[in-house]
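Top line first, the protein sequences correspond to chains F and B.
Using my numbering, you'd call the opening residue of the first sequence number 60 and step up by one each time.
Using my numbering, you'd call the opening residue of the second sequence number 33 and step up by one each time.
The hints are simulated quantities; they were obtained by calculation from the structure and are not laboratory data.
Worth double-checking, as some hints may not be accurate.
List time: in silico DSS-like cross-link candidates among lysine-lysine, alpha-carbon distance up to 30 angstroms [to be verified]:
1) Lys388/B <-> Lys452/B
2) Lys479/B <-> Lys452/B
3) Lys139/F <-> Lys304/F
4) Lys99/B <-> Lys110/B
5) Lys479/B <-> Lys194/F
6) Lys62/B <-> Lys93/B
7) Lys479/B <-> Lys192/F
8) Lys99/B <-> Lys203/B
9) Lys479/B <-> Lys177/F
10) Lys139/F <-> Lys461/B
11) Lys80/B <-> Lys62/B
12) Lys277/F <-> Lys299/F
13) Lys234/B <-> Lys79/B
14) Lys173/F <-> Lys79/B
15) Lys177/B <-> Lys81/B
16) Lys110/B <-> Lys81/B
17) Lys203/B <-> Lys382/B
18) Lys261/F <-> Lys479/B
19) Lys199/B <-> Lys96/B
20) Lys139/F <-> Lys479/B
21) Lys96/B <-> Lys62/B
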Amino acid sequence: MNLNTPILEIKNLRAGINNSEILKNLNLTINRGEIHAIMGPNGSGKSTFSKIIAGHPAYQVVSGEILFNGQSILELEPEKRSHLGIFLAFQYPIEIPGVSNEDFLRLAYNSKQKFYNKPEVDPIEFFSLINDKLKLVNMSSTFLSRNVNEGFSGGEKKRNEILQMILLESELSILDETDSGLDIDALKVISTGINTFMDSNKAIILITHYQRLLDYIKPDYVHVMQNGKIIKTGNADLAKELEIKGYEWLK
Amino acid sequence: MNQSNKILNNNITKLVNQPYKYGFSTTIEKDIIEKGLNENVIYLLSKKKNEPNFLLKFRLKAYKKWKEMKCPQWAQLKFEEIDYQDIIYYSAPKIKKKLNSLDEVDPELLETFNKLGISLTEQKRLTNVAVDAVFDSVSIATTFKEELAEYGVIFSSISEAIHDYTKIVEKYLGTVVPIGDNYFSALNSAVFTDGSFCYIPKNVICPLDLSTYFRINDQKSGQFERTLIIAEENSQVSYLEGCTAPQYDNNQLHAAIVELIALNNATIKYSTVQNWYSGDQKGQGGVFNFVTKRGLCAGDSSKISWTQVETGSSITWKYPSCILVGENAQGEFYSVALTNNYQQADTGTKMIHIGKNTRSRIVSKGISAGNSKNTYRGLVNVNKKAIGARNYSQCDSLLIGNMSNANTFPFISVQNSRTKIEHEASTSKIGEEQLFYFLQRGISIEKGIELMISGFCNEVFTELPLEFASEADRLLSLKLEGSVG
C-alpha cells in the first residue's frame, strides 16, 4: 500500500435514505495522520455521512465513489468494512440486553483476528488485554460484566465507544457527536483517550456541533457541511469563528 | 419495504432454509390397526396389548367422555379441524417373537435411533443416561434396566409396567390428570399406546438421568404416549424427554399425558427438548402437539421442576403444571418457546397452591420470528388454606422481525391475604439498529443473534441437565440463524 494514498477519498457522492437524497455531491479527502472535524447545523447530513461510510443497510448510494486506502468500499458489507479498519462511534450507542460487554468486546476483537487469519484469544487472555485498554478511558473492570450499554449513563456509553475504537485499532474512526451529553470531566477523559490513540497511521473524523471538543482534540481541518455538501473548509480557527458567528454567516 | 429489511429478510430466507435434520422416515414392516376411532378399535388395541381388565374399562370410560367433549377454543391457535377418523391409533414395528435382548431389535430401528443421535446398543450408550426409545406406538428398548433395578428403580415402558407392576399403575394412573380433565386428556386416556414408567423407591437418589426419546415415524399415525413417574419419600430423579418426527406435508397429531407424583421430600426434575417437525416455511405440515403435563406435589417439602425448550411442532398447546398440596412444596416452571415461520405456540403453566408455605417460580421466555405466534398463558391459583404461599413469575418475550406476534396472559387468583405474589413481564425486539451495531463491530448477524438469544434464554438453560443444555443452545441457533428483519 502506498502511504501517500489517502485513507479516505470521497468523490461526487450522492446518497440518501428511502429515495430522498441527503448527500448531494460530497467531496472529501483524508490522509493518514489527519484529524478532520465536520460541523454543521442539524439536518445537514452529518450523521447520514457517517452511516454511509460504515455501510448501514438502510442507506443507498446513488452515485459517486468512496475509496478506502485506494479501494472502493461501496460493495462491501458493513462487517467487512469494520474488519478493514473503519470504525463508527455511535451518536446513540445501542443497548443490547442479555449480552455482556466482555463477550461483545471479545467477539468483536476475535472476528477481526479471524479475518486476518490471526489466532483468536481465549477469555482469560482477553481479560488482561482489555484491562489495559480500560485504563485509557478510565473505566473499571466492572463494566465488562454489565450488558452492552444497558443502564449505562450517557458518559459511560460514550466511553464504551472509545474503548471499542481503541480495542479494534481502527485506521479510520468516525466519531459521531461523541461529545454530546458529556460533562466536562468525561469530555477530558475521552479526549485524552482519543489523543493517546491517534498516530500518524490513523485518521479521525470528528462530527460535532460544538467548538468545545476541539479545545481538547486539535483538528487539522474543519469542514462545514450544509445541505449534504461541504460548503467551507478551513483550519481550527474556522471552528472558533463559527462559534461566534453561527452558521448563518456562511450563507 | 425498505432496503435494509430486504437485505435482512434475504438473510432469513437463506438461513432458515436449513433442512430439518430429523425429517427422514424409516420403512419398516408394521402391525397397524386400520385408521379411525370407535369402541372396537379400543377393544382391539387393548387386546393387542394384552391388557388387564381395569385398563380396558379406563379406556372405554375415557372414550365415552371424549365423545361428549369438544375441542377447546380458548387458545390463541388457528388450525383446521382435526379429522379423528383419519388417524391411525396403533402402529407398531412388527416383532416376530418376544425380545430377550437389544441384539434382537430390528437393525433398521437401531439405525433410526443412531441417526437421531440416540444409541441403544451397549457400546455406544450415553454413559449416564438411561434411555427408553418409543417408535410410533411402542417402546423399542430401554437401556440400563438391570443396573437401575439394583437400586430398586423401575424404568420401563408403560406397557411393560402395566403387566409387571399392575398394582402401582392402577393406583396412580389418571390421578393427576383425570380422564375428563380436557378434550385431549380424554382422547389420550382412551387410546394411549406407550410411554415411560419410572418408579423411584423410598430414600433412593436415582443414579442415572432417565430419558425417553419419542419418534413419530408413520405419516398417518398419531402418537398418544403416556408417562407416569412416581417418586417415593426422600427420593430424587431427573428425567429428560426428547422428540422428533419425519417431514410430511400433512399434520401429525401428538396428544400425550405426563403425570408426576412426588411424595414427602421427593424431588422430580422433568426436562423436555421438543423438536417435532414444525412444518415448512409456508406452514405446510408439522406436528400438532396437544399435551397435558401435570405434577402432584403430594408430600410435604416435595418439589417438582419442569424445564422445557419448545422449538418444534406447527402447533404447541402445552401447560406443564404443579399442584402443590404438601406443606412447603415447591413447583418450578422454566420455559423457552421458540416459534418461526408459521408456527403457533400457546404454552405456559399452572401453579395451584393448596398447602401452607408452598412456593412456585415461573420463568418463561418466548421468542417469535417469521410469521409465528407465541403465547404465554399461565395461572397462579392460591387457595384459601395456602397460608404463606409465594409465587414469582417472569414472562419475557422477544420479537424478531415485524411479522411475528407475542402474547402474554397471566392469570392470578389469590384467596388468602397472607400470600406473596410477584409478576414481571417484558417485551423486547431484536432490531435493525442492534444488528447494525454488531456488524459495525465486525460481528456477523448470525453470531449477533446467537449471542442475544443465548443471553435471553440463559436463566432457563442453566436449569437444563448438562447433556441437554448444549443441545438446546445449538438447536435454537440452528432454528434461528439469520431469521431477523
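Lys277/F paired with Lys299/F [C-alpha distance capped at 30 angstroms]: 12 angstroms, holds
Lys139/F paired with Lys461/B [C-alpha distance capped at 30 angstroms]: 25 angstroms, holds
30 angstroms Cα cutoff - pair Lys388/B, Lys452/B: At roughly 12 angstroms apart (the allowed maximum being 30 angstroms), Lys452/B and Lys388/B satisfy the hint.
Lys110/B paired with Lys81/B [C-alpha distance capped at 30 angstroms]: 35 angstroms, violated
Hinted pair Lys62/B and Lys93/B, Cα distance within 30 angstroms: With a Cα-Cα distance of about 28 angstroms, the restraint between Lys62/B and Lys93/B holds, given a limit of 30 angstroms.
Restraint check for Lys479/B with Lys194/F, where alpha carbons must lie at most 30 angstroms apart: 28 angstroms, holds
Proposed proximity, Lys96/B with Lys199/B (alpha carbon, max 30 angstroms): 24 angstroms, holds
Pair hint outcome, Lys80/B versus Lys62/B [Cα-Cα no greater than 30 angstroms]: 13 angstroms, holds
Satisfaction of hint between Lys79/B and Lys173/F, Cα-Cα up to 30 angstroms: 64 angstroms, violated
Straight-line alpha-carbon gap Lys99/B to Lys203/B, limit 30 angstroms: 25 angstroms, holds
30 angstroms Cα cutoff - pair Lys139/F, Lys304/F: 41 angstroms, violated
Hint consistency between Lys139/F and Lys479/B [alpha-carbon to alpha-carbon, up to 30 angstroms]: 15 angstroms, holds
Hint violations for this structure: numbers 2, 3, 13, 14 and 16, all remaining hints satisfied.
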